[in-house]
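Asker: Sequence:
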Amino acid sequence: QVQVVESGGGLVHSGGSLRLSCAGSGFSFSTYAMRWYRQAPGKERELVAHETSAGGSRNYADSVKGRFTISRDNSKNTVYLQMNSLKPEDTAVYYCYARSDFYGFDHWGQGTQVTVSS
102 QVQVVESGGG LVHSGGSLRL SCAGSGFSFS TYAMRWYRQA PGKERELVAH
152 ETSAGGSRNY ADSVKGRFTI SRDNSKNTVY LQMNSLKPED TAVYYCYARS
202 DFYGFDHWGQ GTQVTVSS
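Note that my numbering has the sequence shown beginning at 102, numbered continuously upward.
These are calculated hints, taken from the structure and not from any lab test.
Treat the hints loosely; a few may be bogus.
In silico lysine-lysine, DSSO-like type, Cα no more than 30 Å apart, as pairs [claimed, not checked]:
{"no.": "1", "residue 1": "177", "residue 2": "166"}
{"no.": "2", "residue 1": "166", "residue 2": "144"}
{"no.": "3", "residue 1": "188", "residue 2": "144"}
{"no.": "4", "residue 1": "188", "residue 2": "166"}
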């Protein structure tokens with residue numbers, strides 16, 4: 102059974118930090134590219150960060166560059182999103198997404214809420 106489970110969300114003051122985790126199971130995690138998306142109320146879901154399966158390439162939305170870092174530990178089947186210098190506009194539900202172009206499969210997590218107070 103495929104599972105993608107996010108954790109680490111919560112309430113933080115502006116300027117604070119959070120680290121989100123996403124654990125994958127039931128699929129070949131190390132062969133999947135991993136992404137973090139977010140969706141704020143009334144807005145479309147947007148791509149925040151992306152890391153290739155080998156971890157050799159990372160990309161970020163302009164709005165989070167220099168503040169967020171995506172990383173993965175394939176030995177733990179986990180991808181992380183370190184979020185620093187958080188702003189109220191970072192408030193959203195954050196989703197983890199796994200994609201395999203080789204297999205043609207993708208998997209979504211259920212999301213974790215991040216709320217940044219001003």
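Asker: Determine for every hint whether it applies to the structure shown.
Answerer: Going down the list of hints, with the structure as the test:
1. Simply put, residue 177 and residue 166 have alpha-carbon atoms about 26 Å apart, close enough for the 30 Å limit, and the pair holds.
2. About 20 Å separates the Cα atoms of residue 166 and residue 144, which keeps this hinted pair within 30 Å; it holds.
3. Taken as a hint, the residue 188 and residue 144 pair is honoured in the structure, with Cα atoms around 17 Å apart against an allowance of 30 Å.
4. Between residue 188 and residue 166 the alpha-carbon distance is near 13 Å, which keeps this suggested pair within the 30 Å criterion.
Comparing the model with each numbered hint stated earlier shows that all of them hold.
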